[in-house]
Each structure stands twice: as structure tokens, then as C-alpha cells.
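Enquirer: Chain by chain, the residues:
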Amino acid sequence: MSFWPYFGLKRGIKTTSWPSAKEQSPGITPGRPRSASNASSNATTQLCPTGALHPVETGVSVDLTHCIHCQRCRQGPHALPWEDDVAWTVNAGTALSPLGYRFRRSLHVRYIDAGACGACINEARLLDAPVYNLHRLGIFITASPRDADVLLVAGPITNAMCTAVRKAYSAMPHPKRVVGMGVCAINGGIFGENFACVGGLQKIVPVDLWIPGCPPPPLAILHGLLAVVGRTQCTTAEELP
Amino acid sequence: MSTCTQIQDWLGVQTGISSQAVAAQWLQLQIQASRLPELTAALVRDWQAEFATLLVEEEESAVDACLAVYYFFYLPRNGCLLEIQIRVQPGEELPAISETVHAADWHEREAEDLFGLRFTGHPFLGDFVLHDDNWPEGVAPMRHSFDGLHHPKVQKDSDTEWSPPQILREEGAIVFPVGPVWGDFHESGLWMLETPGEQIRYLHTRLFYKYRGVEKIAEGQTLDRALLLVERFSGAAAFAHAWAYCQAVERIGGCKVPARAQDLRLIFAELERIRHHAANIAEISGSTALAVAKAMAQDIVEDLLRLSARLCGHRYFFGVLTPGGLHHDLDPWRQNLLAETLPSLDARLHELEHLLKNSSSFLDRIEEMGTLSPELAQSYGVVGPIARASGRAIDLRLTLPYGAYATLAPTVPIAQEGDGYARLRIFFSEIHISAELILKTLHQISAGPVHTPCPTFEGRALAWVEAPSGATFHWVHCDAAGMVLRLRLGTPGFRNWHAFERAVENAAFQDFPIILATWGLSVAENDR
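If you read the protein sequences in the order shown, they are chains A and B. Residue numbers 777 to 1017, in the numbering used here, belong to the letters of the first sequence in order. Residue numbers 29 to 556, in the numbering used here, belong to the letters of the second sequence in order.
Hints are supplied without guarantee of correctness; some may be wrong.
[Stated by the list, open to error] Okay, derived cross-link-like pairs now, DSSO-like style, lysine-lysine, Cα gap no bigger than 30 Å in a straight line:
(1) K181/B - K943/A
(2) K385/B - K790/A
(3) K385/B - K786/A
(4) K979/A - K181/B
[Stated by the list, open to error] Sample of chain B residues lacking proximity to chain A, with all beta carbon distances greater than 10 Å (derived):
(5) E85
(6) Q113
(7) F143
(8) G149
(9) L153
(10) G241
(11) A323
(12) L335
(13) G341
(14) E368
(15) L383
I should point out that these hints are in silico values taken from the structure, not numbers from a laboratory. Just so we're clear, the structure is a prediction, and the values are computed from it rather than from any experiment. No residue lacks a Cβ here, since even glycine has one placed at the ideal position from N, Cα and C.
Please take these sequences and the hints and turn them into a complete structure.
Expert: Given below as C-alpha cells:
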């Protein structure tokens, strides 16, 4: 057993220097479509099965909270430009200020799976992988909502999980923040609102931030958690050309 | 085909059973409902038939319409698929087959919940997919008359209360609940451990906290939109499920997928298998608090995800498949990238395997842990790596070859012990075999287009794929306009969770998370 520390040390430091420096390793994100002014707007918007693209006077706008990265608008004559960034966090509308400086390097997160498909969970599990290492940013995962400052919820919020989410939220001490991750948590995503899914976290608890994506890659999740304490800035949900 | 003739001959001499071949290696059987238990028992006992899936379809949109119930079996030895179709009149019950075909147990409970179809002789109907405390009694959501947009009102009274089952009646015995919200990053489900103190005597699993009604909401959607659903209901095996779905649509349309697309599908599916197993290995290492091993495995998982994104634009293969082939080709540069990257990833996994196999304290925690005996594995009809770790040599890539597997068959690793260590070894072996298979396919990859238009007709079809976690059977029924009338997702998770309870019995309390990790089951795939 004594060999494990040796092999651990031998591997060296693998951690990204994001957010202090840009992280541009290929494949860290599926990317996202950007709004464009020259696209033939109707043909482009028809490519989108989830209604994330809207024709506007100046071209095509992209609603990040509806994009599920189906890649239908990525290639072909009416394609939109795609960009490999991870700063996807958007305000959800509670208008609460970011948590104060006491939380900046000590933020405890309780994760709840409310019907997530497995991709969101897998990305969240990678947060403590050496490459991303959320602990270096002062972010910790806690097993109990009573120790949590942030509730991180994924999935389209199934009916059977509503009670659990509400109970976890009410068990958290003040001040507390709620972050919904993945397009499913925002509006049900591809599952929508139906007999089995509430289709939106804000319908059962107040939500502060959304991290869009299907799934959001680990850096996008970190971006969202840092936005809770004001260390990163939110972007706009709908990008106009 | 010669493979089905033997059983056809046998069926011919049975009274009251008629059979006809609908395709090569595909037999349709007609039989009276009352003789169902007898026939299915004989198939399993005398022909070593494997239960594939059970599916129910409502025939008309009127209230109280007839139900068509399909039982699918296959013969692993000669690759023959058997379809037994039974029509059930309103108010009629079906005899349960789960007493002899134990693998069908959960399928019958599901059909009872979702269609209101009763199975005579089944001991555990009720509170399964639809939880009693969250769903009104007698409302069957998969019926056409049910409005799929709204959750029905639940009357809060004593009838809707639910309490955990308790078998142990010893002094000090408790039911210890794990979930639905628990641990760091765990999927939601409720595991009730019955214990008199240290040892787990029984486990009662209550899943479907994540039931999203995928099969219901797919109805009335276009085939393309339903594909998005199939990709996204179980993200860890998105490509496998989307592949099975596309094959069903292609079978309906009579579409022949180009050879290059078949080769690329095999490559992506095997790449997904490697990532799926590597993620399981990371969880197993993490559950035993082996931080360095977990970090090494996570690194490999992350590199595989990045590789996927570079090859086809998405870390989880979303938006890659389409009926008739693939959306995009893999250009020579990307082929080269894969051929150069994969051997080094496989070498890192070999190194990790070597280190783990030489860690005695790690082995102490997974050896003889969470054991599923070959007899139980057979009786529960488990599939995938779990089955292969318990001595069952079943793999759809060999028994019912599809796509490019007809010419590129993988070897299938087998272990007999059925414990956590056997499962770990199977995960590693399958990774190495998949990597070899990818490189072999890449070496002799066909040229040509990767897509051919797939026409839509009215029709229904079953298609299958050996997903990372085991045999997957998807059924699609669509109309001529390309609208889905019925989508059935027969998943390996649904099969294997059923047997999981038995592997936990008599384990020590603190070993529960380790056993869970060595099984590596997806709740999302089970719940749908």
C-alpha cells in the first residue's frame, strides 16, 4: 500500500490554472452556438428543435437556457458560429447579492439529483478530479443540507423528488443560495413540464443562478459556484447579435 | 435460418401453439394466455432462453381499449428471437410468469403500475414506478386516455400513506434509510437496510424517484425529437441507447446503413463503453477511500471525455447519431487523433489495474463482497458486466450481432466468483478488449458516405444494443408521418437493479457504498 503516495506524487500537478488564466485545452466543453448577424435567420432558427434560436431584426439570437447542444446548428449552410467558452452562468432573478467575503474561500455545496440523466452527475463528480480540483477554490461538497450554503440541483425536478428538494432547502441555514444546473433544471429541458416532471426548479424553491448546458462541463459548474460568491460575473441568458 | 428450425420443430409438436417466422431468426408465437406460464417456463428451462423485455401497447385511443402484450425472449446459443403476442380484453388479467421467469418480475410490476394491467399470482403489485404517497390509486399514466401534461391530484388520506416494509422482528432491529438525497454525488433512490445492528439482513430498494415519464412524453413527438429524448434519459450510455433507437427506426424504414457509418458507430459505442467502465472504476476506488487511484481513474475519464468532444463535438456523444447513419463523418485528422491517443489511455488503465491488483488492503474490501452467485444471476437474468462477472457468457454483440459486430466480434471476458473483485476485473478486461476493437476497426475502416436517407413508414420494430451496462431492447412504433405512437425503453439498469438487493444481504453495514460502486448501476437508466 505504501506505493500509492509515491505514484500520486510522481504524477505531478495536473490542475488547471483557470480562473486566473484562460483554459483552452480542446474538449473541455462541448461549446455553444453564438448569435450571428449574417445568418439567414429563418432557415437557421428552424434547425433548432428546442426553440433556443430566435429570428431578430439583426440576425439570430441564442437563448442559452434552451440550448441542449444537439449540434443541429453546428454545420451546414445555415450554421451558427460555435464558441468553446465556459462562462455560461446567468441570473435567475431573485436579485440577491452574492454571498459576502466570509464565503469567498469557504463555500459548502449540497448537490441534489432531481431526475438528472447521468451526464450532469458525471460532470459534477469530476469537480474534485485533479484537473479541476474545486477545493483549491475554497469550495467543498457537504453531505448534509444543514451544513450547506448552496443547493446545487440537477434534473427536470421530478414530482417524486419535490419533497426532498423542499426539505433540503428549508434545512439549510441562512444566508443560502440555490443554483440550478443543466437546462433540465431551468425549464425541464427536453423532458419539459409533464405529469412526472415539474419542469423548473424555480417552481418549488427560489433560485438565484442558473448554469445552462446539457450537461454543463466542470468548468462551467465551477464558474457558477464562483458566481455565488461574486468571484465571476454572470452572462445574459439571451444573446443578441 | 437453420438456427430457428430446431425450436420451430419443437413448437410444431406442441398443441395450441402456432409459430411463424417474420424475419430471419425471428419467430412470432401465438398462444392462449392461460398457457403462457407453461410455455415461458419450458423456454427458459429446456431452451435456456433469455428474457429480453415485456412491452404493452394500447390498441385504440378509446377508453377501455384492448392491450397488446408482447413478451420477447431470445436463445443465446443460436441467436433466435421469439416474440409472444397476447391480446388482453378490458378487465381481463394475465397469469404472472415471474414465478418461473424471475427476470420478468419487475416488468410485470411496471406494467401493472403504468397500464393498470393485473397479473394473477404476482405477490408484489403496487408502489413501484408510481409511489403511493405521490400518485392516486388506479390512475394508469400510459393509457391513451391519461393526459400526459398534468400530474393528477393526490387525495391526502390514509390510503396514500406509505411506510417502509420491515421483515425483521428481532429486538433492536431497525430499517436504516439511505437516500433519496445522500452522499456527495449520488443518484436519487431510497435504499432501506434492515439490520439488527452490524449486518444487513435485507435490502428493500425503492427507485423511480427520477421517473420522468420518458415513454409517455415521447408519444406524439416526431422521430427526431424522440431521438433527443432517448439520448438524454441516460446520459452515461447516451450513444448506446440512441443507437438501439436508430436501429429500430431504420428497421421500420427498411434503411440500409452505409458500411462506414456502421464502423464509426462501433467505434463510438466502444469508446463510450471504455469511459463508462473507467468512471465505474473511479467510483470503486473512491468508495474504498483510495484517493490516488480515484484521481488516476478520473484523469482518464476526463481525457476520454475530451477525446469524445474533439472527435464528434460533444463529451457524451449527444447529437451524433441519426436514423440512416451519423450526422458527421470522422475526418482523417480525427481518425489519426483517436489512433494516437487511445493506446496511451489504455496503457494508463493497464497501469492502474496493475496497481489496484497489488493493493492488498483494497482487495480485502472488494473480494467476496456483494456476491451474486451464478445461480442467482441466472434466475434474475442479470445482463452486462454484472452477468459476466457471475459466470454468464451473454453478450448481444455475439448472440444477436448487429451493425459491424457481425464481422468484428469482440471476445467476452468471464469470471465465476460474482464478487466485487470479479466485477472490477471484468470492467478492466472489457476496456482493453474495446480499445483493441476500436483500433482494429479504425485500421480497416470502410470508405464511403456516413448517411443514407431513412424513409418513414407506419410500423413497429424492436432493436437491440449491448450497452455498457448490458442488453438493451428498444421498441418503436410510429405512423406514416413519422410520429411516435409508442416508445419502449428496455434498459439493462432495470434488469440489474432487481438483483442488486440479493448481493447486499449479509454484508456489513459500512460495505453498502462499496457494493453499490462495484455494481456501477445507473438509476437514471432504470427510472426512465
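Enquirer: Against the earlier hints, flag every one the structure doesn't satisfy and list their numbers going up.
Expert: 10, 11, 12, 13, 15
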